[in-house]
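Trainee: Chain residues, written in single-letter form:
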Amino acid sequence: MSSEYLLKLLRNGKREDGRGLNEFRKISFKTGIIKKAEGSAVVNFGNTSVIAGVKLDVGEPFSDSPNEGILIVNAEFSPIAAPFFEPGPPDENAIELARIVDRGIRGSNLIDFEKLCIKEGEKVWIVYIDIHTINNDGNLIDVSFLASILALKTTLMPKYEGKIIREEKVDKLPLRNYFPINISTYKAENILFIDPSLKESNLAEACLSICIRDDDKINSVQKIGSGSFSFEEIEKIFNLTKTKAREIRNLLSSSYIS
Amino acid sequence: MSSEYLLKLLRNGKREDGRGLNEFRKISFKTGIIKKAEGSAVVNFGNTSVIAGVKLDVGEPFSDSPNEGILIVNAEFSPIAAPFFEPGPPDENAIELARIVDRGIRGSNLIDFEKLCIKEGEKVWIVYIDIHTINNDGNLIDVSFLASILALKTTLMPKYEGKIIREEKVDKLPLRNYFPINISTYKAENILFIDPSLKESNLAEACLSICIRDDDKINSVQKIGSGSFSFEEIEKIFNLTKTKAREIRNLLSSSYIS
Amino acid sequence: MSSEYLLKLLRNGKREDGRGLNEFRKISFKTGIIKKAEGSAVVNFGNTSVIAGVKLDVGEPFSDSPNEGILIVNAEFSPIAAPFFEPGPPDENAIELARIVDRGIRGSNLIDFEKLCIKEGEKVWIVYIDIHTINNDGNLIDVSFLASILALKTTLMPKYEGKIIREEKVDKLPLRNYFPINISTYKAENILFIDPSLKESNLAEACLSICIRDDDKINSVQKIGSGSFSFEEIEKIFNLTKTKAREIRNLLSSSYIS
Amino acid sequence: MSKSNKIDLIVGGKRLDGRDFFEVREIEMKVNVVNNADGSAMVRFGNTTAIAAVYGPRLLLPKFLQEEKAVLRCRYNMTPFSTDERKTPGHDRRSIELSKVIKSALEPAIFLEDFPKTRIDVFIDIVQADGSTRVASINAASLALAMAGIPMRDLVVACTAGKINGCLVLDLNGKEDNFGEADLSFAMMYSKNRVTLLQTDGEFSYEEIEILIKELKKACEKIYEMQKSTLKDYYQKYVE
Amino acid sequence: MSKSNKIDLIVGGKRLDGRDFFEVREIEMKVNVVNNADGSAMVRFGNTTAIAAVYGPRLLLPKFLQEEKAVLRCRYNMTPFSTDERKTPGHDRRSIELSKVIKSALEPAIFLEDFPKTRIDVFIDIVQADGSTRVASINAASLALAMAGIPMRDLVVACTAGKINGCLVLDLNGKEDNFGEADLSFAMMYSKNRVTLLQTDGEFSYEEIEILIKELKKACEKIYEMQKSTLKDYYQKYVE
Amino acid sequence: MSKSNKIDLIVGGKRLDGRDFFEVREIEMKVNVVNNADGSAMVRFGNTTAIAAVYGPRLLLPKFLQEEKAVLRCRYNMTPFSTDERKTPGHDRRSIELSKVIKSALEPAIFLEDFPKTRIDVFIDIVQADGSTRVASINAASLALAMAGIPMRDLVVACTAGKINGCLVLDLNGKEDNFGEADLSFAMMYSKNRVTLLQTDGEFSYEEIEILIKELKKACEKIYEMQKSTLKDYYQKYVE
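Residue numbers (the working numbering), protein chains in the order written: chain Y, 29 to 286; chain A, 29 to 286; chain X, 29 to 286; chain R, 4 to 243; chain D, 4 to 243; chain F, 4 to 243.
Pulled out of the complex, with its shape left as it was, chain Y reads as follows (with noise of 0.2 Å):
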């Protein structure tokens, strides 16, 4: 399907897969299924697939935070997701990622830092979140952003007396009752959309990635892209992100995940 195809669709408000601008695509998801891992979750939406697993570890707290657990967000974009991805160190696009989520996990105070500390100033827990790509069929922000809270979500933490016994796990991660949701919404010919194909995101010349908890607050905004947006596409955005962000969290509060 051509780029001048799917631009004709998108102004007359259509996707190739017969979706309106505002619609997710089949969105899926399971939890668990690392066996290694702590915590982890495979989310799919239409053909993007990505895993993230949480994994523990101790080690020494920042001296400006003594008594607080670390989060460590990493993402790689393998090269088996997509013809263009290459084998090396993440780059900047996977960096970027990396950043947003680790932003807004951080922003929408989901985790209890200072329950995840051992010892004050000596030992706390960190967590590491690794979001790998499986396959790159667009918005890798949002599905990496919503894997990495259901990895989180279902974590059990090992034991710990001195090292970690990993085989007995004995609590729950400390986390908030708070479910925060990124919504990236792309541009084209001021077109706005959301969750594109790989084919539509190339067609945006901008996105405004956003963080959102169930309270309507912002936990982080990232414009990305080489366009620009007007005031009013601004307040567009935000709105939009509050329903989708509603209509996600519907969606799974119908499975097993509170």
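Watch out, some of these pointers could steer you wrong.
In silico SDA-like cross-links for lysine to any residue, where the CA-CA straight-line distance does not exceed 25 Å [to be verified]:
(1) X:K191 - Y:K187
(2) Y:K215 - R:K9
(3) F:K9 - X:E150
(4) F:K178 - A:D85
(5) R:K17 - R:G169
(6) A:K264 - D:E211
(7) X:K264 - X:D199
(8) D:K217 - D:L75
(9) R:K9 - Y:P94
(10) Y:K187 - D:E211
(11) R:K90 - X:E233
(12) X:K187 - X:P94
(13) A:K63 - F:F182
(14) A:K147 - A:K191
(15) F:K106 - X:G253
(16) Y:K151 - R:G169
(17) F:K72 - X:E233
Just so you know, the hints here were simulated from the structure itself, not pulled from any lab data.
None of the values given here were measured: they were computed from a predicted structure.
Once you've looked at the hints, dock chains A, X, R, D and F against the given chain Y.
Mentor: Then chains A, X, R, D and F, alone, in the frame of chain Y:
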């Protein structure tokens, strides 16, 4: 000498230098050549020349073997040794070679790692073997392995009292009474041969590199290259390996190395 | 201005800006320009502009000098400073420059390293000098060296009580009463000249870069470039260095720097 | 970057450096600060100083990388001496992201299509870092691009805002950035009324963001006027 | 990787996971798991899961690297969450060697000469690691190559064997790999009766290796049949 | 590299290894030590051993890097086992600088203009390091270049000098280098009477440097004669 001609020779059971298929080139060696190293040897098979140096250091043991010393094998294909070697970190061939040598030594149980423990869980000897090519005329694995073993066998341990006193050598490295030998058998057009020159090794489609001990125990096997082997060939190679390893051991026992 | 023309000028003892062969461009400097640095200076020779910043940290001493502070000199040729500088780790020229500055400072005995010891064998001050080019119009070594010395001479040490209290400056850096100066003499077609512009330095086949103290002791010498020197030229350059270093010292002593 | 350790950032209705909530620090702008560059500028917000240099348009090599419009390359870099603790030299994850964000803030303003097969390099060095380094960078880069004669739709103006001790403020300094609750980076083509950067970190309500955007627009107007008069002054001197 | 710390791996004549000595773990195979790839497959041995994706043949650039036959590039990679202790991302010495070994196991089966001037990329991600990851990778890659329509002499089938507490066994799991005495990785073109991978670590007698090879051949026959029926099932569904 | 920790380096008017002040250690020279190289040599000063291999002139690729004269590339490398404490493999700042310094010492002697569009590679491995490694490297490289048939204006000869316990000496060994007050590295085209390397570290008066240069010239004469006879002996054997 063209590859075509070399192949013709091999088909007739001959080699460019008049050897038979299962004959080594002239083997020579010298130990103790590097004054700053705790053990060292240069080994030549024909024009192939490799130096192995053993350096000792003291460090923390791995947490899963708190009372054992540590072996680290590193190989550098120095750009001096061949027109196509480039400066830079070890490539996949150098890494594979180092890991084969490492597995061969480990698999042979040559080193008594427990005797390299200074204080359990805190301080153990680290044995570094550094393999440095001087001239690459083929068969680097076998030559490097022999150089490593000779370097180990002539290693003297410095005194340790809180820090290493390198001027005073107090003991031999704690080795068991084994003599593992690595023999790589190459294959071109179903013809098996050992100790190839660089040109001959470029003709080979595959190689089976086997490390074998005096008691004929196999310490490591590695299939290398883009070709495959029949089960009959594999059997033949194991038998050949046994014979040729003994031949090298005999050769060496006539020298001062026990 | 073509190289051919610049060479013709040099042959006649002249420079593109009207200077003589052994004349500096306009020298200006300013210290204390970086608020977050413990010491800093910008130095300009004509259009060449370099910032040196001194940062202090506390760390472990080297085991062979347990009661001495540590000096680390680093130079970055920022891509802002010239069309041919590229982002990335320091290249061989930046590394050589940093090491020349390092040797000049060390060789001059300017810093009283023993006074930088906090607790023998455990804690000493680390003095970082970071050299950052702003505009490269030739003679980077001499300009960088002077900026480094001025930054050191205006460095104030923060309080240390278990950790560094950067807000409170308690002392000057312990320096001896020396003023080392680096003078690089360039040679093109047997013509010797100092303080070249970028274009002039591209004409030079070789350079002798000498660091000299107030008492005319030599602190470091470095021959740079693809040319060679006669013994007479070397003698001439040493004499020139002595004179020109004094000239800079006089220039500076008329300012507030002692 | 922890947003949790509360310290008093507002005392007696004023910020620690004496500023009112919506007061921007002293701003200094200077162009042509790097002689070799095709265009360059220095912008200082209080103790935050950014130097930007533009090289290009220059031919993009190798050939197979050439595109139908100019390729914009941005590099944001902190000097080792710009921060309290010495910053280890090199491009870390933060500066890789900021380079991308700055590029995305500048790109909408540049007529890249005018220069096929070339690249335009924007290099930025932070020589002093006391908060809001990315917006200082954008302001400096915008001036440097103009000085380099790169055709632009408009100058890009940038400023930060944030929430500290529950209060909404403009232009965060380093302490406010580290110990405040939330921050927002903002850039726009002022006369075009288009936003080219919007980035937040920490917890905001949408209403708070709305208020801040309104105040940021006002601040940007002043910065925009400064940019224009800086350029004008330079060219007037140049003509004389 | 120490082979020395003895722990009981065989209890009551059974392995710790209840298997008999020559019993292979539950195997799962799935093809077309990566939509973007030209061919892809997932292979699971117990809790070891490998995903392989094949891209190519695609033109090899730059030109001076082109060869008379396709260049096969293999990359084996462990995801950070696949192991007990988080694996630091990046290509370490082990994965460089395994990539080479896997390539050498696959290469004999591919008609590389059919595609001059191109390269074929085989990317493998280990998403769960519980021993025998390289043979899971080879099985997955073999299926992915077939799915990509790359002409092959035969499917490559792979399995491991080893010695634990003195007993010879097939298909080592992670614990057996770590605490066993010796291990052997094996791959073959089953219908061609050709060995494409033989790699051992630890102490074996030649007789032990002979026994294991015999058992591995038997196991490979079953895996081969699974591979074939997996491909057949996929194409049958595809046709319907 | 600290020059401050005083230890006794001169006892009873002799240096610790028994040498007189201006006595050079035993020197050994051997050519054609690396069969594959176009030219190679080994030079030993006491326990310092350098092996140099020259490859080239060979075509420089890619094309846009080609110059009107040959590009000389030098790489100085210490083997991990050459030093007391094992040297971590890899090109560190010191070896990057020494490679540049060695290149600058050799370059004046080579007719690079005879070989446009090519590069000449000089690779040097220090297999034993006991002080003065850079001058051993230069002597070895000079012989290797001659053996490779590269046209040269003259052989380059090199030696070190220094100040230990206040005394001026030639040819520093490792201990003298580490614990002496100052050192000087020197190279020249002997018959041309041209200096190609002069590098010092530590505190010297100009008079001291003058004395050392005079003594270095004498030492270089002997080394030069050794170089020539080494080459002559080799070619005589070769002819026979």
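Trainee: For every hint, state whether the structure bears it out.
Mentor: Checked hints:
1. Restraint check for X:K191 and Y:K187: not satisfied, since their Cα atoms lie roughly 34 Å apart, outside the 25 Å limit.
2. Taking the CA atoms of Y:K215 and R:K9, the gap is about 38 Å. The hint is violated against a cut of 25 Å.
3. The suggested pairing of F:K9 with X:E150 holds, with an alpha-carbon distance near 21 Å, which does not exceed 25 Å.
4. For the hint linking F:K178 to A:D85, the alpha-carbon distance of about 20 Å falls within 25 Å, and the restraint holds.
5. About 13 Å separates the Cα atoms of R:K17 and R:G169, which keeps this hinted pair within 25 Å; it holds.
6. At most 25 Å may separate the alpha-carbon atoms for a hinted pair to count; A:K264 and D:E211 meet this at roughly 16 Å.
7. Distance hint between X:K264 and X:D199 is unfulfilled; the C-alpha atoms sit about 41 Å from each other, more than 25 Å.
8. For the proposed pair D:K217 and D:L75, the alpha carbon gap of about 30 Å is over 25 Å, so the pair is violated.
9. With a C-alpha separation of about 14 Å, the suggested pair R:K9 and Y:P94 falls inside the 25 Å cut-off, and the hint holds.
10. For the proposed pair Y:K187 and D:E211, the alpha carbon gap of about 41 Å is over 25 Å, so the pair is violated.
11. Our distance criterion of 25 Å between C-alpha atoms is broken by R:K90 and X:E233, whose separation comes to about 37 Å.
12. Note on X:K187 and X:P94: the hinted pairing holds, with a Cα-Cα distance of about 21 Å set against a maximum of 25 Å.
13. For a cut-off of 25 Å, the pair hint linking A:K63 to F:F182 stands: about 20 Å separates their Cα positions.
14. Of the pairs offered as hints, the one joining A:K147 and A:K191 holds, with about 13 Å between alpha carbons and a cut-off of 25 Å not exceeded.
15. The hinted pair formed by F:K106 and X:G253 meets the criterion: a straight-line CA distance of about 9 Å does not exceed 25 Å.
16. The hinted pair formed by Y:K151 and R:G169 fails the criterion: a straight-line CA distance of about 31 Å is larger than 25 Å.
17. A hinted pair counts as satisfied when its Cα atoms are at most 25 Å apart, and F:K72 with X:E233 qualifies at roughly 15 Å.
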